[in-house]
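Residue numbers (our numbering), protein chains in the order written: chain A, 190 to 612; chain B, 190 to 612.
Because identical chains cannot be distinguished in the list, a pair is counted as satisfied if it fits within a single copy or across any two copies.
Derived pair list, reagent style EDC-like, types lysine to aspartate or glutamate, alpha-carbon separation capped at 20 angstroms:
1) K380 to D608
2) K244 to E276
3) K244 to E206
4) K398 to D463
No wet-lab data here; the hints were simulated from the structure.
Read off the chains here:
Number of protein chains: 2
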Amino acid sequence: MARLVMKFGGTSVADVERIRNVAAHVKREVDDGNEVAVVVSAMSGFTNQLVSWTKEAAVLHDAREYDTIVSAGEQVTVGLLAIALQEIGVSARSWLGWQVPIRTDATHGAARIADIDATLLNERLSQGQVAVVAGFQGIGPDGRIATLGRGGSDTSAVAVAAALGAERCDIYTDVDGVYTTDPRIVPKARKLDKISYEEMLEMASLGAKVLQTRSVELAMVHGVRLQVRSSFDAYDAPQGSGSGTSYIGPGTLVCGEEEIVEQEVVSGIAYTKDEAKITLIKVADQPGVAARIFGPLADAAINVDMIVQNMSEDGKRTDLTFTVPGNDLDRAVAVIEGARDMIGYEQLLSATDVVKVSVIGIGMRSHAGVAQKMFQTLADKGINIHVISTSEIKVSVLISAEYTELAVRALHSAYDLDDDAVA
Amino acid sequence: MARLVMKFGGTSVADVERIRNVAAHVKREVDDGNEVAVVVSAMSGFTNQLVSWTKEAAVLHDAREYDTIVSAGEQVTVGLLAIALQEIGVSARSWLGWQVPIRTDATHGAARIADIDATLLNERLSQGQVAVVAGFQGIGPDGRIATLGRGGSDTSAVAVAAALGAERCDIYTDVDGVYTTDPRIVPKARKLDKISYEEMLEMASLGAKVLQTRSVELAMVHGVRLQVRSSFDAYDAPQGSGSGTSYIGPGTLVCGEEEIVEQEVVSGIAYTKDEAKITLIKVADQPGVAARIFGPLADAAINVDMIVQNMSEDGKRTDLTFTVPGNDLDRAVAVIEGARDMIGYEQLLSATDVVKVSVIGIGMRSHAGVAQKMFQTLADKGINIHVISTSEIKVSVLISAEYTELAVRALHSAYDLDDDAVA
Chain A
190 MARLVMKFGG TSVADVERIR NVAAHVKREV DDGNEVAVVV SAMSGFTNQL VSWTKEAAVL
250 HDAREYDTIV SAGEQVTVGL LAIALQEIGV SARSWLGWQV PIRTDATHGA ARIADIDATL
310 LNERLSQGQV AVVAGFQGIG PDGRIATLGR GGSDTSAVAV AAALGAERCD IYTDVDGVYT
370 TDPRIVPKAR KLDKISYEEM LEMASLGAKV LQTRSVELAM VHGVRLQVRS SFDAYDAPQG
430 SGSGTSYIGP GTLVCGEEEI VEQEVVSGIA YTKDEAKITL IKVADQPGVA ARIFGPLADA
490 AINVDMIVQN MSEDGKRTDL TFTVPGNDLD RAVAVIEGAR DMIGYEQLLS ATDVVKVSVI
550 GIGMRSHAGV AQKMFQTLAD KGINIHVIST SEIKVSVLIS AEYTELAVRA LHSAYDLDDD
610 AVA
Chain B
190 MARLVMKFGG TSVADVERIR NVAAHVKREV DDGNEVAVVV SAMSGFTNQL VSWTKEAAVL
250 HDAREYDTIV SAGEQVTVGL LAIALQEIGV SARSWLGWQV PIRTDATHGA ARIADIDATL
310 LNERLSQGQV AVVAGFQGIG PDGRIATLGR GGSDTSAVAV AAALGAERCD IYTDVDGVYT
370 TDPRIVPKAR KLDKISYEEM LEMASLGAKV LQTRSVELAM VHGVRLQVRS SFDAYDAPQG
430 SGSGTSYIGP GTLVCGEEEI VEQEVVSGIA YTKDEAKITL IKVADQPGVA ARIFGPLADA
490 AINVDMIVQN MSEDGKRTDL TFTVPGNDLD RAVAVIEGAR DMIGYEQLLS ATDVVKVSVI
550 GIGMRSHAGV AQKMFQTLAD KGINIHVIST SEIKVSVLIS AEYTELAVRA LHSAYDLDDD
610 AVA
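Same shape as in the complex, but just chain A (with noise of 0.2 angstroms):
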């Protein structure tokens, strides 16, 4: 017997019907002797609609009153499922977040979790009552409903699986699992049973939208183990009394590194599309200088991801690249050109066109050249490289956007990524 959370997202509950299917995923583990909370997201387009209404109301809105009413979507849907469950035989009730209580700080609108207290929810597991939590959701010291901003479901989950020292957190998407690389560009990119917290972290700050990188920072904090798995699967209970887990794919669990037994030297290779670039010419080469250029745009909540700086050749001037996300392009250039005068360079240069390719890997902490691997086999394909960053498990490169496939396919084949099994 162990303690389970299960976390089902927006389009796992978009209707009754997929209610229904979810509540079979818990029973499954209810049958299985395992104590269960279930966290749970608004019905996909649900929160949607609140959204909008609150935006029609008006546009600059209290946030407390928003947090009032799209949280309505969360506590539908663990109505819901809490008599979906008892209709298919298994005690459940629902909790919202301020009956648990999930105390959260005053940011209303993207809320933190500070505390939960898991006395009442500990009891009735312990019962074997399955415990339907609201996910996205809390109360403020003000004693008013605050929400942790969207995805926020996925934090909920887990913090309230290190709460209840739960033995596994499991996240069911629609995807299956944690990919060596988007399939949709590799068909032989591997699902992978088992990455580090480390590793999922980079890969959800680069756009691989399985997790949210907050609710992972949580599980790696917590020790809280992360199991990503397919909410989709066809569930056909067997007649008897057997279990069901073995019509579950396992998914892929994220976990610290010490479970990982045989570490890869690279273990996905992710991409960022909504990348632009900015470079500065013939800025002068002097101390402050990049204080007054980032200055301004932190002052603007832009976030400057790349930066490069190159020596300029006489040693009193210099070129500056760096990257922000497109859609923050235009406030970004407006923001400079505004300083203009307090920086001083020659001329502005931009561009939408580019993407980020990174090589992620704990492995390569303990293993050179990979760095080196990655650069010849893209100058193998005469894929120009823009701008080089690199951590202690990453090394991403800008380049044209054009080659993002080829460049994404060719590494998955050169650090031996590749499922063989794939025709």
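Fit chain B to the known structure of chain A by using the hints.
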């Protein structure tokens, strides 16, 4: 300056545009210097969507989960109205049942309000902040959301008004007041300026859909003055600083009879169409027989209204007639037939083509001849009376449904209720 409670039902908040109209009504009262609490229902249609999902999940469902789901409706409205008020410069915040708190008994799905702690609301109101309170919901002794059942928002409004010691509770609805009778039948029906609680109770229980019976009872007990008015009256805020009150029809005040200076003998004619009549022929005329008939009906939760028993010729057998709601007739007949041996009767006759017409008026306490005028008026039109029942302020007769309009119009004229300004 006064303290007011304003209540708006589902059709008055059906979309964001109408919620803005409600906000304008509230601003008018605030601009007039009033302290205002607003009680709102769910957007019409929204609750039906939630209820239908609940039924889809399971026909027989946990009432506590049902409450969690459907209470999301008012939760959305209070947030939207608070935002709409802030947008036009009115300080406002939303209050959910559990936040006030509005404490209820444990009867989930049809809870009664046990107690309202008005401490927090009082504090905010005296600071000039409008309190937007979710109708229809409270928190049960189990710490979970409890709903008051259909139409419960009127009751919420009256209970909040009583707890706040409000001078008046304005019930905004889709009619502009209480009429002497149904204007669809009698074009000369007059809108009443005032009506007593007792009369309104009779009107409400007789199917005048303006107010919920329960809310009128509660208002009577706590002496809350209810003003029924239209939320669809065009409200054009006057330019400059003047008040816009004059643009809004005053509606009808439901109050204690001591406030009604010129009491009319009869203030209204009501009718209910969904009646059915059951006659038992030759029932034994002996002690206990009524209990043997009405006991099983009460056990089946069938509401018996009018009861008439005629003397038999020989003093041993009697005929007994009573009415039940039309949609309960089949069940009532089955119950009676099931208990036939116990009751002992010769024949059961039933009919659904009957209607109950009532004349209502506090003044009839002190005026003789009211019933006689009714019988004479109907006799003059050749209308046969099946059953008669009377209370202190009401005379009701059961007649064939085909005479409904004729009877109502004749009685309306006979008691001098016609509005002669109508052509």
